[in-house]
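Here are the chains, one letter per residue:
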Amino acid sequence: MALPPDTEYLLFRIKGGIGLEGFLSKIDEASIKTVFQEAFNELMSKINSNAFTLTGTNGSFYMWPKTHVSTKPSELQENASCKSILKYVTTEVSDLHQQDSMEQSSKVLLKIINLQIQFEMTRPQIVGRIVIQRRNTQTHYKLTLPVDVLVFANPEDPWGMLQDHFTDAVITQLASMSKCIQRYTKGKTVPIPQAYHFKLPNKPTLTTVIYPAGISDETLEPQRKELHAELGLTSVPYLRRPMAFNFPGEEVVSDYLLNVHEHLPLPDPEQFKIYLLSGSYEFHHCMQDNENDEGWGALYHCLQIIISWFKYQGYTAKPVPTLKELQEMLSNMNKDFAKVVMAEEWLKAEHLQAVLRHFKIINSLTEIRSKAEEPRELVPHFRHHGTPIVIWNKVIFSKPKAYILLGMAEDAKLNTRKVLTLSAMYTGPDEIPKIIEEAVGWKGKEFWDEMELFSLILPQRPMGV
Amino acid sequence: MGRSYVIGEYSEKYLKKLKAEERYGTTGILLGQVTLAKTYIVFAARTPLKDQAELPPENPNEMNASDIEWVSEHARQVARMLPGGILVLGVFLIRPSKMTKEEAHDIFRKLATAVEAAVAKERLWNFTEDETAERIVLQVYTDSKKMKVQAYDLHNPQTPIKLLECKSSSLTAPWQIVEATINVDVNIPVPVTAERQFDKESLKGLNNWAKQIMQCSYLINGQFKEPESLLGEGSKKKATAEVQFLTAPVMIIDGEVDALIEDCGSSVVVKGTVRCRAYLHGSKSKVKDAIQALKRDVLNTVFIRCQMVFEDQVLNKNVGSLFSRIACKVTCVIDERLELSQLSAVAN
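In order, the protein sequences belong to chains A and B. Note that this note's numbering numbers the first sequence so that position 252 is 252, with each residue one more than the last. To convert, count from 1 in the second sequence and add 465; that's this note's numbering.
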C-alpha cells in the first residue's frame with residue numbers, strides 16, 4: 001500500500017495483556033513447548049470467535065470483530081467508511097518521516113486509535129454444568145502476553161472489511177509469538193515474546209517484529225539477519241530494539257536533552273543533499289550538573305556524547321559515565337593519564353581512544369597536520385556509519401576547541417558544503433532556544449578556517465545487524 | 466441513622482401464624498434486601514428442630530452455644546440458595562410473655578453476630594464501606610400486634626442497640642431482574658504444603674478470579690450504561706435485563722521476562738457455564754447496584770459449588786452426621802436457585 005505524501009492515515013493500535021495459564025505434567029523442554037503450542041492454538045481460536053472484543057480507551061464503545069457487532073450498530077454499518085469510528089474513540093497524533101530512494105523527506109500524518117483487547121465471559125452458546133476437577137502432582141504455568149498489533153487503514157476503507165483485518169492481524173501476531181517461544185525456550189525458561197515496531201526505509205508503514213524478552217540484541221543477530229533477508233534490507237542495522245518507533249507518550253526518558261539538532265530547520269533540501277547521523281544521542285556539555293569544567297572539560301563531554309549514541313543504539317548496556325567517572329577511569333589506566341586528569345588539562349587523542357577502547361568502540365583517528373582542509377571522508381562516514389564525530393584543534397596559538405559533527409550538506413552545483421556542529425564547550429542552560437542559538441548550527445567554510453589544524457575521531461558502527 | 470425496616474406481607478403472616486400457634490421461643494432467620502435507605506424483609510423461615518424434636522426452650526436466655534450454632538448453620542445453608550441481591554438479614558424470635566426487655570440482649574447480639582459470621586463464610590466478596598453492617602433481631606410480641614426490630618451494628622459492638630418499628634408493606638410489586646450467563650474457566654494451583662487444609666488453601670486461587678470478576682466491565686442489553694444511571698431508564702418494558710461481562714485488561718508487569726513455571730501439589734480446574742441472577746427492589750435501582758448484586762451472585766454460585774465438592778471430602782468435625790443429612794438435602798436443590806418469584810408467589 002503506497003501512501004501518497006501529506007495525507008492523514010488511521011493507525012489502529014490493538015493492545016492488551018492476554019493471560020496464558022494452565023498445568024503441565026512433564027517439565028522437559030519438549031513437553032513445555034508442546035503445551036505452549038496447544039495453549040496458543042486455543043487462544044487463536046478464541047480470538048477467532050465472538051469472545052474477542054475490542055473497546056475504545058474511554059470505556060463506552062465496544063465491538064466484536066468476528067461477528068461485526070458493536071454498541072453503535074446503526075452508525076457503524078458494513079459499508080460505512082471506517083473514519084466514522086472517530087466519533088466514538090479518542091485519538092493521538094503522530095507522524096512518520098518517509099525517505100524514499102531519492103532521499104526526499106516527506107511526512108505521513110497518523111491518527112492513532114488505541115483499542116483494548118477484552119474477552120466476553122457471558123456467551124450463551126457455550127452451555128455446560130460446572131465441572132470441578134482435581135488432578136495430582138502438577139506444574140503450573142502462567143504467562144501474560146503483551147499483545148501490541150498495528151493495523152493501518154485509509155479513512156475511506158469500509159468498516160466491515162476492517163474488522164476482519166483486526167482479527168487476522170491479532171491472530172498473525174499470536175502465531176509469531178508462538179514461533180518465538182518455540183525458538184527461544186531453553187530448558188524450563190520460557191521467554192515472554194514482545195512486539196517492537198520499526199520504521200523501515202523501503203516501507204510506508206511500520207513493521208512489527210517479535211523478540212523474546214531477556215535475551216540480548218547480540219544473541220538475536222541470527223534472527224535479524226533472517227529478517228533483513230526477508231524484508232530486503234541492506235546490512236545496516238534497522239531492527240535493533242532501541243531503534244523501535246516511539247509512539248506518543250512512549251518517548252525515551254533521559255536526564256539530558258536528546259537530539260537537540262532536530263530543533264533546527266534543515267538546509268533547503270531542493271538545493272542540498274543532506275547526510276545526517278542516524279539514531280539518538282544525549283547532549284553533554286560544560287558546566288552541566290554543577291561541574292566546574294569550563295575551559296578544559298569539553299573533550300570529556302564529547303566522549304559522553306559518543307558513548308550515549310552507542311547506548312541508545314543498543315551496542316552497549318553500560319550507562320553513560322559522568323565526568324568524575326571518566327576522570328577516575330583515566331587515572332586508573334596509567335600514571336601519566338592520572339597527571340593529566342589531576343591538572344585538568346585538555347585531553348589528547350590517546351586519552352580519547354583509551355576510553356573508547358574501554359567501551360569497545362572501534363574508531364579511526366585522523367590527525368591532520370597540514371593546512372586546514374575539509375576532510376573528504378565525512379560524507380561517506382555519515383552514509384555508512386552514521387555515528388557522531390569528535391573534532392578538536394591543535395592548540396598552538398589559539399584557544400582549544402572541541403565539537404561534535406552531526407552531519408553534512410552538499411550542494412553539488414555550487415560546490416558548497418555545510419557541516420552540522422554541536423559545541424561541547426557550551427556553558428549555558430539546558431534550554432532549547434539557547435542551545436539553538438549558541439551550541440548547534442550549520443556552518444560553512446568559516447568553521448574549517450576557525451579550526452585550522454585539527455584531529456578527528458570517527459567511531460565505527462560495529463559490523464552486522 | 467434513619468434506616469427503616471419494611472416487612473413484607475408473606476413474612477408478617479408467617480410470623481403471626483407462629484405466634485398464634487403459641488410457639489414461644491421459636492427462632493428462625495429473615496431474608497431480604499438491603500438498600501441505601503431501607504431494608505426489606507421478604508421471607509422468614511423458622512429453624513428446623515434438632516433431631517430429638519424437642520420444643521425450643523421457652524426462655525431464650527436458656528439458649529446455649531449449640532443452639533446458637535444450630536441457627537447459624539441453618540442460616541448458612543439457606544444463604545447458599547439465595548439469588549443475587551437477597552441476603553440473610555438476621556434472626557426472628559417469637560417472644561414468650563414472661564420475657565423482659567433487658568434479658569437476652571446478650572443472646573440476641575450473639576445470635577446476630579453468629580449468623581452473620583456463618584453466612585460470611587460462603588462469600589468470596591466483602592461489603593463495601595458504605596454498606597450498612599446492621600443486622601437485626603425481630604421480635605414478635607405475644608401481647609401486641611407490633612413487631613419490633615432490634616438492630617445491631619456488627620462492626621461497632623459499642624453502639625447502642627436500636628429498637629425500631631417495622632412497617633408493613635405488601636412488597637408484591639415486581640422486582641427488577643438482571644441476568645447473565647457466565648463462562649467460567651479457572652485454574653487453581655494447590656501448593657504442595659496445603660494438602661491437609663484442603664478447602665482453605667485450594668480455594669484461595671478463586672480469590673484472584675473473584676477480584677477479576679468484581680473489576681470487569683459490563684454491558685446491559687448490549688449497550689454501555691453509566692454506573693449512576695437508573696437501571697430501568699430507557700426501557701419501556703420491565704423485562705429482565707441481560708448483562709454481558711467483559712474481562713478487565715490484564716496488567717503487564719514491567720520487567721517480567723520469563724513465564725512463571727512452578728511446582729504445585731495438585732490443581733483444581735473449574736470449568737463450565739452458569740446462569741446468574743439478581744433481584745432489585747422497586748424501579749429506582751442504579752446500574753452500579755444491579756451490577757454489583759449480579760457479580761456477587763456469580764461469585765456465590767461458583768464458590769458454593771466448589772465448597773460443596775470439597776465438603777464431601779473433608780470430615781465435618783463440628784456437627785457430625787446430622788448436618789450432612791441436611792447438607793445433602795440442600796445439594797439436591799443447589800442447581801435450582803431459589804426463585805424470588807417463588808417467594809412472592811407464596812406471599813400472594
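Derived from the structure by calculation, the hints contain no laboratory data. Keep in mind that a hint or two might mislead.
Claimed, not checked - No farther apart than 30 Å at their CA atoms in a straight line, the calculated lysine-lysine pairs in the DSSO-like style are these:
hint: 1; chain 1: B; residue 1: Lys669; chain 2: A; residue 2: Lys26
hint: 2; chain 1: B; residue 1: Lys751; chain 2: A; residue 2: Lys87
hint: 3; chain 1: A; residue 1: Lys15; chain 2: B; residue 2: Lys676
hint: 4; chain 1: B; residue 1: Lys669; chain 2: A; residue 2: Lys72
hint: 5; chain 1: B; residue 1: Lys736; chain 2: A; residue 2: Lys33
hint: 6; chain 1: B; residue 1: Lys751; chain 2: A; residue 2: Lys72
hint: 7; chain 1: B; residue 1: Lys753; chain 2: A; residue 2: Lys179
hint: 8; chain 1: A; residue 1: Lys188; chain 2: B; residue 2: Lys751
hint: 9; chain 1: B; residue 1: Lys676; chain 2: A; residue 2: Lys46
hint: 10; chain 1: B; residue 1: Lys736; chain 2: A; residue 2: Lys87
hint: 11; chain 1: B; residue 1: Lys575; chain 2: A; residue 2: Lys15
hint: 12; chain 1: B; residue 1: Lys676; chain 2: A; residue 2: Lys66
hint: 13; chain 1: B; residue 1: Lys669; chain 2: A; residue 2: Lys66
If you're wondering where the values come from, they're calculated on a predicted model, not measured in any experiment.
Worksheet item: Do the alpha carbons of Lys15(A) and Lys676(B) lie within 30 Å of each other, as the hint requires?
Response: holds (22 Å)
Worksheet entry | Lys751(B) paired with Lys87(A) [C-alpha distance capped at 30 Å] | holds (27 Å)
Worksheet item: Are the Cα atoms of Lys751(B) and Lys72(A) separated by 30 Å or less?
Response: holds (23 Å)
Worksheet entry | Restraint check for Lys669(B) with Lys66(A), where alpha carbons must lie at most 30 Å apart | Distance ~35 Å between Lys669(B) and Lys66(A) Cα, so the pair is violated.
Worksheet entry | Satisfaction of hint between Lys66(A) and Lys676(B), Cα-Cα up to 30 Å | holds (28 Å)
Worksheet item: Does the alpha-carbon distance linking Lys669(B) and Lys72(A) stay inside the 30 Å limit?
Response: violated (40 Å)
Item to complete: Assess, step by step, whether the Cα of Lys188(A) is no farther than 30 Å from the Cα of Lys751(B), and give holds or violated.
Response: Violated. Lys188(A) to Lys751(B) sits at ~50 Å, over the 30 Å cutoff.
Discussion item. Check the hint pairing Lys736(B) with Lys33(A) against an upper bound of 30 Å on the C-alpha distance.
Written reply: holds (24 Å)
Discussion item. Check whether the Cα positions of Lys575(B) and Lys15(A) lie no farther apart than 30 Å.
Written reply: Violated, because 53 Å separates the two Cα atoms, which is more than 30 Å.
Discussion item. Between the alpha carbons of Lys753(B) and Lys179(A), is the straight-line distance 30 Å or under?
Written reply: Distance ~43 Å between Lys753(B) and Lys179(A) Cα, so the pair is violated.
Worksheet item: Taking only the CA atoms, is the gap from Lys669(B) to Lys26(A) under or equal to 30 Å?
Response: holds (25 Å)
Worksheet item: Given the hinted pair Lys736(B) and Lys87(A), is their alpha-carbon gap at most 30 Å?
Response: violated (39 Å)
Figure legend: structure checked against the earlier numbered hints; hints not met, in rising order: 4, 7, 8, 10, 11 and 13.
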